[in-house]
Amino acid sequence: MKKAVAQIAALVPIALLVFALYSLYAAPAEPPRDWRLHMTQEQHDLMVAPIDHAFRVAAYSVTWAIQLGYLAWLGLKWSGLKRVAGRASNQN
Amino acid sequence: MKKILFGVYAAICIALLVWAFELAVNAPAEMMQGDAYRIIFYHVPSATVAFTFFAISMAGSIGYLVLREKNAAKALAWDAWAVSGAEVGIVFCTVVLVTGPLWGYRAWGIWWAWDARLTTTLLLWLIYVSYLLGIFGGIGVPIVYIANRIPGQHPGPVFGGDRASGMAPEILRPFLWNMAAWLFWGILVLILRHRFELKQQAIAAAEAEQSLNA
Numbered sequence: 586m587k588k589a590v591a592q593i594a595a596l597v598p599i600a601l602l603v604f605a606l607y608s609l610y611a612a613p614a615e616p617p618r619d620w621r622l623h624m625t626q627e628q629h630d631l632m633v634a635p636i637d638h639a640f641r642v643a644a645y646s647v648t649w650a651i652q653l654g655y656l657a658w659l660g661l662k663w664s665g666l667k668r669v670a671g672r673a674s675n676q677n
Numbered sequence: 127m128k129k130i131l132f133g134v135y136a137a138i139c140i141a142l143l144v145w146a147f148e149l150a151v152n153a154p155a156e157m158m159q160g161d162a163y164r165i166i167f168y169h170v171p172s173a174t175v176a177f178t179f180f181a182i183s184m185a186g187s188i189g190y191l192v193l194r195e196k197n198a199a200k201a202l203a204w205d206a207w208a209v210s211g212a213e214v215g216i217v218f219c220t221v222v223l224v225t226g227p228l229w230g231y232r233a234w235g236i237w238w239a240w241d242a243r244l245t246t247t248l249l250l251w252l253i254y255v256s257y258l259l260g261i262f263g264g265i266g267v268p269i270v271y272i273a274n275r276i277p278g279q280h281p282g283p284v285f286g287g288d289r290a291s292g293m294a295p296e297i298l299r300p301f302l303w304n305m306a307a308w309l310f311w312g313i314l315v316l317i318l319r320h321r322f323e324l325k326q327q328a329i330a331a332a333e334a335e336q337s338l339n340a
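Going down the list, the sequences are from chains A and B. Quick note: the first sequence uses the numbering used here, first residue 586, plus one each step. Quick note: the second sequence uses the numbering used here, first residue 127, plus one each step.
In isolation and in its complexed conformation, chain B is listed as follows (with noise of 0.2 Å):
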């Protein structure tokens, strides 16, 4: 039963990605970028699940460490979703990374500025990479999100910004689909990244009590 679940979720996910893929394509050009701005459909949801799943790492590693003493068992389990998120969440920050420079080199005509957004996420990408410091890596997560208020190269929030900010309605429909298309996506993985860290954990369970009885 649980694998047809895992089944039907996933040819979700993949027709998801079908859908807003095409929506991405098909949305009107903009007037000052052309094509390249359609790199906002990858870049900004992959920054969003990343984010997302480094808080999950968080609340992982908070779980693991409240939980060791007293119930081993259940420590490892939060402990694999700690391992996951971050994993996962490297994944989707890595994207972020490249697609953001190829987006930004048609948008300024650079690749990287030492902005306070990109160093903080590119920082932020080096701390989970040196992993998996679960804990401290999360404080990272809201450095990055006030280091989009503070002017610099990197344009300032599209939601949530000064007056100016926003989307046309014509641009946000594709793009909140590809939200939701990544977000599934970025579960799937997650979930595929757990169950092999469960397996893992337990077979090494399974070695260190043969190693004992032996």
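In isolation and in its complexed conformation, chain A is listed as follows (with noise of 0.2 Å):
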């Protein structure tokens, strides 16, 4: 049980980062630079506006990952250092 919660753990991280990438990845195309010549302000913002929530979504996934991919470091460091004591108290 505790392998399996420490697996989840560690994978949680690596599965935000990759999402993060993914939602980069697949966000539409830009608009061209001289967008005004072919498009009016309201069409460039729809256009616009789902590369803005990929950007977001990315920036929030990624501070996940990172905080939990700590955590995750942390709790493995953790259960070394447990290890080392528990070995260290057997040799007493």
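Careful, some of the hints might be misleading.
Unchecked claim - Here are the simulated DSSO-like pairs of lysine-lysine, each with C-alpha atoms no more than 27 Å apart in a straight line:
hint: 1; chain 1: B; residue 1: LYS196; chain 2: B; residue 2: LYS325
hint: 2; chain 1: B; residue 1: LYS128; chain 2: B; residue 2: LYS325
hint: 3; chain 1: B; residue 1: LYS200; chain 2: A; residue 2: LYS662
hint: 4; chain 1: B; residue 1: LYS129; chain 2: A; residue 2: LYS667
hint: 5; chain 1: B; residue 1: LYS325; chain 2: A; residue 2: LYS588
hint: 6; chain 1: A; residue 1: LYS588; chain 2: B; residue 2: LYS129
hint: 7; chain 1: A; residue 1: LYS662; chain 2: B; residue 2: LYS129
hint: 8; chain 1: A; residue 1: LYS588; chain 2: B; residue 2: LYS200
hint: 9; chain 1: A; residue 1: LYS662; chain 2: A; residue 2: LYS588
Since the hints were made in silico from the structure, they are not lab data. Keep in mind it's a predicted model, so treat the numbers as computed, not measured.
Assembling the complex is the task here: the two chains are given apart, and the hints tell you how they should meet.
Okay, structure coming up:
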């Protein structure tokens, strides 16, 4: 049970990072630089909205990937420390 | 009892983060930046928490240097705060350095600019990563703060800036909730890291004693 929890804790940050990269990769293309020649401001805003959304989603996901990744790493170090402490007490 | 209190605090943190997230995604869209401006709700609080923890690291380092000759046990406790503050500060500073370019690309059309604010923040991060030169790293915090006042690619300070600075009340509310949520979360992670450091110190001390007795 503990092992499964640890595996999930390690996988969540990786999944979030992959999701962040995917959101950026899957974001629609930018409108052309001379968009004013081809479309109205409203059309431009509609075209840009999903790109802004993808970047926001990527930023939020990567934030949680970093935070949870650090917690998972700390958890791993902690369990290692517990093993060392257990060995030391057994030697005594 | 301590465990229960810690559990309650952790539950409050998670509830606060969920509430702050809800406010962040439902805040009214900004006219110029659309949805991308909502990165502010993660970017700025992360910077604030990072700088606060770097200050804790600096205080811990000074405490260690002052006490190391007089009281070794107390000095080690201060050292644990120095290490914990620096490490958790780096985590939050990494968030700042990753979310910043994502926001910057949407706002300015470029991922990075070598302006004063961005460069000093990167330098601060590098200094702490190479640590953990606590005291010297702490000097970087006011430098980054001052760098925000130097005109460059990065926008000027939102609070305490010129007459044009400030935030609309409907954006300010979710912003302050996110600030509180990230600060609470940061303290939770800091406490965890500090407990880990104390445990590590205790094991190292026990091992040293064991070797001396052998």
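So, going through the hints one by one against the coordinates:
{"no.": "1", "hint": "LYS196/B to LYS325/B", "in the structure": "22 Å, holds"}
{"no.": "2", "hint": "LYS128/B to LYS325/B", "in the structure": "16 Å, holds"}
{"no.": "3", "hint": "LYS200/B to LYS662/A", "in the structure": "24 Å, holds"}
{"no.": "4", "hint": "LYS129/B to LYS667/A", "in the structure": "18 Å, holds"}
{"no.": "5", "hint": "LYS325/B to LYS588/A", "in the structure": "22 Å, holds"}
{"no.": "6", "hint": "LYS588/A to LYS129/B", "in the structure": "22 Å, holds"}
{"no.": "7", "hint": "LYS662/A to LYS129/B", "in the structure": "20 Å, holds"}
{"no.": "8", "hint": "LYS588/A to LYS200/B", "in the structure": "36 Å, violated"}
{"no.": "9", "hint": "LYS662/A to LYS588/A", "in the structure": "14 Å, holds"}
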